[in-house]
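For reference, the chains in residue letters:
Protein chains: 2
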Amino acid sequence: MQNLQKPSVKPYLITRTLNPENQETPIHFIHKDFVSDKLFYRRNHFSYPNFSFYWLIVDGLVNFSRTFSLQEIQSLPSKTVKTVLECAGNKRGFFKPKVFGEQWQKGALSQGIWKGVLLRTLLGFTGVMETAREVVFEGYDFGERTDSNQVTHFRRSLPIEKALHPDTIIAYEYNGKPIPFKHGFPLRLIVPEWYGMASVKWVKRITVVGHEFKGPFQAVDYVYYPKKESDEGKLPVTTMKINSTIQQPLDRKILNTGDHIISGISWTGNGLVTKVEVSVDGGTNWSPVDFERSPERYVWVRWSYKWEVLEKGEYTIMSRAADSKGQVQPPEAKWNRKGYGFNAIDVIRVKVE
Amino acid sequence: MQNLQKPSVKPYLITRTLNPENQETPIHFIHKDFVSDKLFYRRNHFSYPNFSFYWLIVDGLVNFSRTFSLQEIQSLPSKTVKTVLECAGNKRGFFKPKVFGEQWQKGALSQGIWKGVLLRTLLGFTGVMETAREVVFEGYDFGERTDSNQVTHFRRSLPIEKALHPDTIIAYEYNGKPIPFKHGFPLRLIVPEWYGMASVKWVKRITVVGHEFKGPFQAVDYVYYPKKESDEGKLPVTTMKINSTIQQPLDRKILNTGDHIISGISWTGNGLVTKVEVSVDGGTNWSPVDFERSPERYVWVRWSYKWEVLEKGEYTIMSRAADSKGQVQPPEAKWNRKGYGFNAIDVIRVKVE
Chain A
0 MQNLQKPSVK PYLITRTLNP ENQETPIHFI HKDFVSDKLF YRRNHFSYPN
50 FSFYWLIVDG LVNFSRTFSL QEIQSLPSKT VKTVLECAGN KRGFFKPKVF
100 GEQWQKGALS QGIWKGVLLR TLLGFTGVME TAREVVFEGY DFGERTDSNQ
150 VTHFRRSLPI EKALHPDTII AYEYNGKPIP FKHGFPLRLI VPEWYGMASV
200 KWVKRITVVG HEFKGPFQAV DYVYYPKKES DEGKLPVTTM KINSTIQQPL
250 DRKILNTGDH IISGISWTGN GLVTKVEVSV DGGTNWSPVD FERSPERYVW
300 VRWSYKWEVL EKGEYTIMSR AADSKGQVQP PEAKWNRKGY GFNAIDVIRV
350 KVE
Chain B
0 MQNLQKPSVK PYLITRTLNP ENQETPIHFI HKDFVSDKLF YRRNHFSYPN
50 FSFYWLIVDG LVNFSRTFSL QEIQSLPSKT VKTVLECAGN KRGFFKPKVF
100 GEQWQKGALS QGIWKGVLLR TLLGFTGVME TAREVVFEGY DFGERTDSNQ
150 VTHFRRSLPI EKALHPDTII AYEYNGKPIP FKHGFPLRLI VPEWYGMASV
200 KWVKRITVVG HEFKGPFQAV DYVYYPKKES DEGKLPVTTM KINSTIQQPL
250 DRKILNTGDH IISGISWTGN GLVTKVEVSV DGGTNWSPVD FERSPERYVW
300 VRWSYKWEVL EKGEYTIMSR AADSKGQVQP PEAKWNRKGY GFNAIDVIRV
350 KVE
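Residue numbers (numbering that gives the first Met the number 0), protein chains in the order written: chain A, 0 to 352; chain B, 0 to 352.
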């Protein structure tokens with residue numbers, strides 16, 4: 000009989016906005032180490048750029064400005080980096096009081112394998128002057144911001160040390176294939192340990208500068224503002240905080256009595272995840288989880304905890320991760336006006352009946 | 000250059016659970032009268048059924064039990080019905096205090112054009128005995144519930160008058176094509192005005208009965224329980240309540256000063272939507288919206304309101320609909336333990352900067 004093939008049941012990206020495109024990874028349904036390009040979260044500040052030829056310019060405080068063709072870049076020694084990318088606004092929707100902007104839940108987060116050339120290999124060709132302080136990356140994407148009538152490109156900088164770090168690459172492949180256009184084809188900067196805004200897509204130009212770069216995506220956005228009405232105490236958003244997400248069960252799920260697996264992921268921008276604990280009684284008692292494999296730098300560790308529940312009722316389940324730099328997920332996230340870096344202990348509630 | 004075609008930017012279903020499959024329509028991005036089958040919300044109680052031949056049985060308190068082939072059904076006079084289908088749990092995620100179950104936001108709602116045969120045409124072939132009180136519909140889908148170890152089919156009943164209503168159909172087409180398997184192929188009961196659980200998918204058997212049907216999807220689920228701990232005051236879930244959803248702008252959006260369009264949809268199971276008003280000051284002042292076309296029975300009306308905003312600040316935007324039966328969206332939804340029928344005035348908050 001027609002049409003009766005086994006139906007495919009699959010998760011989709013979760014649409015936040017279409018213009019620019021902002022879509023979230025269905026993180027609760029990702030049970031692999033690496034996210035397929037189709038389910039990788041999409042975070043854009045502007046419409047997708049249009050460009051039909053491609054050269055990468057490297058200039059500024061260098062000994063010799065250079066233009067690289069894609070072919071040249073791909074012929075240089077390559078480096079592969081497995082890393083989480085997490086939007087600085089991941090989990091923004093959970094801040095209390097609520098803040099404005101895309102209401103990301105837990106899926107502005109993905110991870111995969113990026114292959115490219117070390118940025119310091121490229122800068123080896125051009126040389127870097129002694130007065131160099133930062134490296135500015137300009138994407139092909141541009142548009143207007145609500146706070147200005149001028150058209151601006153997406154631009155971000157890295158301190159020279161991070162730019163020269165042996166895991167900072169200009170990538171041209173994702174999971175073994177050319178980077179999908181929506182994720183930065185042909186070249187994307189990949190900055191492990193930092194929140195995703197640092198990993199500039201569609202890199203057009205790399206400029207070494209001798210000053211502190213102050214573009215709006217660096218000095219206005221992607222800044223922690225602890226106060227609602229003033230800019231007092233502001234700090235730049237850089238390294239990913241220690242974090243964890245319970246993937247299963249889902250929040251507000253109704254379960255049977257019996258055995259259940261509580262599973263999730265933990266990640267950090269500070270060395271290694273060293274410990275993850277789960278509480279099934281709202282934070283009174285904590286038990287260590289089982290790691291699926293030994294934690295590695297840059298990537299999430301998948302974990303699980305076997306929960307036997309015999310008594311009917313409502314349960315508050317929490318996960319709390321710690322890293323090798325001594326950071327631990329706090330009970331409350333540090334509120335900030337633009338809603339970055341939410342990393343409170345993850346909390347869900349289930350009913351057993 | 001390869002890969003530089005214009006990227007497609009599209010909304011996706013929002014995954015709530017995969018087994019059974021529950022996915023939400025990206026309702027904020029639906030600006031058509033009819034939702035494509037790909038974006039129609041999916042709400043299942045069990046895994047998708049497997050069946051490889053198809054006959055529809057009509058039996059019980061009838062003069063002649065009958066089995067209909069699909070071909071027979073499609074050869075009978077047809078009726079086309081345009082209707083909203085809304086899951087009774089639509090907007091469940093907004094109840095306060097929160098309730099358990101799928102945390103639907105605003106997209107357990109779709110609408111389109113169903114074509115089929117009137118149920119009363121089929122019952123005309125079998126005859127209906129005078130003692131008939133309800134008609135029970137059994138779907139091919141079955142499985143275990145958390146409250147029982149027995150396997151049960153999805154079954155729901157309609158009072159005989161609703162079953163014989165001249166718009167209650169056994170549908171075989173959606174939007175001009177055979178109903179997609181996930182939405183009930185080959186035959187789906189369509190019950191306008193009632194919440195979606197009444198529109199049984201994969202209809203296998205129709206049985207006329209002389210008693211009140213008490214299956215678990217009728218007497219346990221799809222019941223309003225106003226109390227948390229007791230069943231006192233319970234009432235069956237039937238007709239859709241008057242409701243509205245602001246589609247644009249999105250909640251927590253940051254806007255410029257200037258002109259903006261506030262747009263949305265309103266629908267009801269009670270006659271016609273007669274009035275929709277918008278407030279941009281948190282409910283102090285209300286203005287009528289413009290309807291895209293005259294409201295029709297069963298379908299949502301799309302509306303818009305032009306908002307000129309000159310002053311920076313935070314704004315609370317609300318929409319409130321009323322229908323021809325005198326129902327008006329209340330400021331607070333009527334809390335009930337299983338979270339059905341949320342229809343409070345829709346509220347979003349935006350920041351103008």
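No wet-lab data here; the hints were simulated from the structure.
Each hint should be verified, as a subset may be incorrect.
For chains that are exact copies, the list does not tell them apart, and a pair is met inside one copy or across any two.
[Said to hold, decoys possible] Listed next, the in silico DSBU-like pairs over lysine-lysine satisfying Cα-Cα at most 35 Å (straight line):
#, residue 1, residue 2
1, K350, K114
2, K37, K311
3, K252, K95
4, K311, K161
5, K227, K305
6, K78, K181
7, K252, K233
8, K311, K97
9, K9, K31
10, K31, K227
Can you tell me if K311 and K97 fall within 35 Å by alpha carbon in one copy, between copies, both or neither? Answer is both; intra-copy 33 Å and inter-copy 18 Å each pass.
Is it within, between, both, or neither for K78 and K181, if the alpha carbons may be no more than 35 Å apart? For K78 and K181, the Cα distance is within 35 Å only inside one copy (22 Å; across copies 45 Å).
From the Cα coordinates, with 35 Å as the cut-off, is the pair K37 and K311 best called within, between, both, or neither? neither (39 Å within a copy, 38 Å between copies)
For K9 vs K31, is the C-alpha pair at or below 35 Å within one copy, between two copies, both, or neither? both (14 Å within a copy, 25 Å between copies)
First find the shortest C-alpha distance between K252 and K95 inside one copy, then the shortest across copies, and answer within, between, both or neither for a cut-off of 35 Å. both (23 Å within a copy, 16 Å between copies)
Within a copy, between copies, both or neither: where do K227 and K305 come within 35 Å Cα-Cα? between (42 Å within a copy, 29 Å between copies)
My question is about K311 and K161: at a cut-off of 35 Å on alpha-carbon distance, are they close within one copy, between copies, both, or neither? neither (52 Å within a copy, 38 Å between copies)
Is it within, between, both, or neither for K350 and K114, if the alpha carbons may be no more than 35 Å apart? Neither way: K350 and K114 sit 44 Å apart in one copy and 40 Å across, limit 35 Å.
Can you tell me if K31 and K227 fall within 35 Å by alpha carbon in one copy, between copies, both or neither? Neither, since 39 Å and 39 Å both go past 35 Å.
Homomeric proximity label, K252 with K233: Cα distance no greater than 35 Å: between (39 Å within a copy, 23 Å between copies)
Checked against the numbered hints above, the structure breaks hints 1, 2, 4 and 10 and satisfies the rest.
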